[in-house]
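Make the full structure from the sequences, and use the hints.
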Amino acid sequence: MKPKLDRETIALIVAREFFDGAVVNLGGGIPTLASNFIPEGRTVIFHSENGMLGFGPVEYDENKQSVYLMNASAQLVQPRLGMCFFDHAMSFAMIRGGHVDITVLGALQVSEKGDLANWMIPERGIGVIGGAMDLAFCCKKLIIAMEHTTPKGGIKIYRKCTYPITAPECVDLIVTDLAVIEVTKDGLLLKEIAPGWTVEEVQAVTEPKLIVAEDLKEITL
Amino acid sequence: MSVNKVYESFDEAVADIPDGAVILLGGFGGIAPVPQNLTLALHRKGAKDLTIVSNNAGVDGRIGLGNIGGKPYADHEILVSSGQVKKFIGSVPGSIVVSRPNALEELYRQGKVELEIVPQGTLAERIRAAGAGIGAFYTPTGVSTEVAKDKEIKTINGKEMILEYALKGDYALIRAHKADTMGNLVYKGVMRTFNAVMATAADVVIAEVDEIVELGELDPEVIVTPGIFVDRIVETSKGEIQ
Numbered sequence: 001m002k003p004k005l006d007r008e009t010i011a012l013i014v015a016r017e018f019f020d021g022a023v024v025n026l027g028g029g030i031p032t033l034a035s036n037f038i039p040e041g042r043t044v045i046f047h048s049e050n051g052m053l054g055f056g057p058v059e060y061d062e063n064k065q066s067v068y069l070m071n072a073s074a075q076l077v078q079p080r081l082g083m084c085f086f087d088h089a090m091s092f093a094m095i096r097g098g099h100v101d102i103t104v105l106g107a108l109q110v111s112e113k114g115d116l117a118n119w120m121i122p123e124r125g126i127g128v129i130g131g132a133m134d135l136a137f138c139c140k141k142l143i144i145a146m147e148h149t150t151p152k153g154g155i156k157i158y159r160k161c162t163y164p165i166t167a168p169e170c171v172d173l174i175v176t177d178l179a180v181i182e183v184t185k186d187g188l189l190l191k192e193i194a195p196g197w198t199v200e201e202v203q204a205v206t207e208p209k210l211i212v213a214e215d216l217k218e219i220t221l
Numbered sequence: 001m002s003v004n005k006v007y008e009s010f011d012e013a014v015a016d017i018p019d020g021a022v023i024l025l026g027g028f029g030g031i032a033p034v035p036q037n038l039t040l041a042l043h044r045k046g047a048k049d050l051t052i053v054s055n056n057a058g059v060d061g062r063i064g065l066g067n068i069g070g071k072p073y074a075d076h077e078i079l080v081s082s083g084q085v086k087k088f089i090g091s092v093p094g095s096i097v098v099s100r101p102n103a104l105e106e107l108y109r110q111g112k113v114e115l116e117i118v119p120q121g122t123l124a125e126r127i128r129a130a131g132a133g134i135g136a137f138y139t140p141t142g143v144s145t146e147v148a149k150d151k152e153i154k155t156i157n158g159k160e161m162i163l164e165y166a167l168k169g170d171y172a173l174i175r176a177h178k179a180d181t182m183g184n185l186v187y188k189g190v191m192r193t194f195n196a197v198m199a200t201a202a203d204v205v206i207a208e209v210d211e212i213v214e215l216g217e218l219d220p221e222v223i224v225t226p227g228i229f230v231d232r233i234v235e236t237s238k239g240e241i242q
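Heads up: the protein sequence lines correspond to chains A and B, in order.
Sequence positions in the first sequence follow the working numbering and run 1 to 221.
Sequence positions in the second sequence follow the working numbering and run 1 to 242.
The set of hints was computed from the structure by calculation and includes no laboratory data.
You may find that some hints are simply not true.
Restraint-style ranges between C-beta atoms, simulated for each label pair [said to hold, decoys possible]:
no.	chain 1	residue 1	chain 2	residue 2	range
1	A	G82	B	G111	42 to 52 angstroms
2	A	G82	B	D210	20 to 30 angstroms
3	B	E152	A	A93	14 to 24 angstroms
4	B	G111	A	K140	38 to 48 angstroms
5	B	G83	A	R159	38 to 48 angstroms
6	A	E201	B	V222	33 to 43 angstroms
7	B	G83	A	Q203	44 to 54 angstroms
8	B	R109	A	K152	37 to 47 angstroms
From the three backbone atoms N, C-alpha and C, an ideal C-beta is built for every residue, glycine too.
So this is what it looks like as structure tokens:
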């Protein structure tokens with residue numbers, strides 16, 4: 001089995017997209033890790049659904065943790081000068097009103113057209129929407145950070161999602177442990193590929209036909 | 001002053017909540033924003049057939065009366081697991097840890113509890129609308145998904161939107177940091193969440209607070225929830241969970 005990129009590397013690639021001054025909302029899992037990799041010299045303002053803006057990275061020192069500084073992924077974070085608190089109605093006014101620039105979420109499935117499915121595994125019979133649906137519908141740029149396949153090697157990037165969707169045609173960029181793929185009008189554009197992997201090998205675990213970028217690059221750190 | 005909002009016990013504060021009441025239950029998960037002692041009092045009171053409106057159905061599996069990080073903790077999962085809940089309305093009904101199902105999802109699969117799943121922003125806005133006297137509103141969130149099923153769709157400024165109705169409670173149980181005796185509330189950190197929204201949207205609003213202070217001690221410039229929204233206040237020190 002060839003090595004794939006680890007979760008930190010996926011997060012690092014995602015964080016390259018954070019421009020100076022960007023308001024960014026990170027979902028749980030791999031997306032949260034991106035807060036550790038803000039490119040040097042840029043200020044990124046993190047938004048959390050539960051009413052917090054402008055906070056710092058996750059606080060791992062138990063002596064410094066505060067339950068009053070919890071993010072929407074239930075992690076305790078560091079305070080930062082200029083941060084502020086607000087209620088849920090205000091928080092989602094920011095989201096729906098287009099005041100969040102970039103959202104990073106995980107996914108169960110993504111389609112060729114950028115449909116996202118991440119709230120419901122049908123066999124489970126009950127779902128978890130949380131803030132993902134508002135974010136997926138209303139954010140200016142949606143990045144998916146995920147493993148390219150399921151733990152058993154099953155496909156996650158489909159022509160059409162088989163699970164109930166979170167939002168249609170909402171995904172802009174997919175960053176996986178094998179590739180960086182942009183969702184375009186013409187289809188999925190393979191822009192970067194993990195070291196040691198071929199286009200054919202990535203295509204084999206991706207249902208829709210990938211368009212290979214003319215300047216396809218190997219992913220570098 | 002004739003208005004007395006200060007209650008000496010949590011049991012007394014929830015004593016009139018009847019069977020079948022619609023309860024807006026504040027918080028978001030985590031420890032800070034959850035009205036833990038009010039929730040326990042409602043459990044002791046034993047009101048049944050409740051409709052619970054809350055972001056989630058108990059934060060993480062079977063910790064209805066467990067502990068987080070060594071600290072005692074209670075949330076409304078105890079209302080669900082004790083069979084007091086007829087219907088749950090919220091955005092995170094299932095456990096966020098798939099391998100540790102919560103009480104609600106097990107009862108839901110057995111057909112013993114009704115469920116209405118609502119995107120988090122729509123939930124907040126439906127409650128806000130109720131508090132603000134708005135009957136319904138259009139939101140883009142959920143178009144072409146299961147959430148839009150049987151709902152009116154309208155194209156506004158070229159964008160499809162769903163009609164969502166206001167959601168009002170009979171009672172709201174909320175958490176805040178400090179109250180003055182008029183019921184003015186301030187919060188701490190991420191404590192506001194749904195609490196400050198729900199404070200506006202129920203017939204009877206009951207707030208659990210860290211401290212009740214005399215009039216004048218809270219700066220009028222920083223009051224988050226004006227006291228007219230709040231009917232009853234109880235200090236956390238009167239409860240079993242500090």
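Hint check results:
1. A:G82 / B:G111: 42 to 52 angstroms: holds, 50 angstroms
2. A:G82 / B:D210: 20 to 30 angstroms: holds, 26 angstroms
3. B:E152 / A:A93: 14 to 24 angstroms: Holds: the Cβ-Cβ distance is about 22 angstroms, inside 14 to 24 angstroms.
4. B:G111 / A:K140: 38 to 48 angstroms: Because 42 angstroms falls inside the window, the suggested range holds.
5. B:G83 / A:R159: 38 to 48 angstroms: holds, 45 angstroms
6. A:E201 / B:V222: 33 to 43 angstroms: violated, 58 angstroms
7. B:G83 / A:Q203: 44 to 54 angstroms: Cβ of G83 of chain B to Cβ of Q203 of chain A: about 52 angstroms, so the range 44 to 54 angstroms holds.
8. B:R109 / A:K152: 37 to 47 angstroms: violated, 24 angstroms
Of the numbered hints listed earlier, those contradicted by the structure are 6 and 8.
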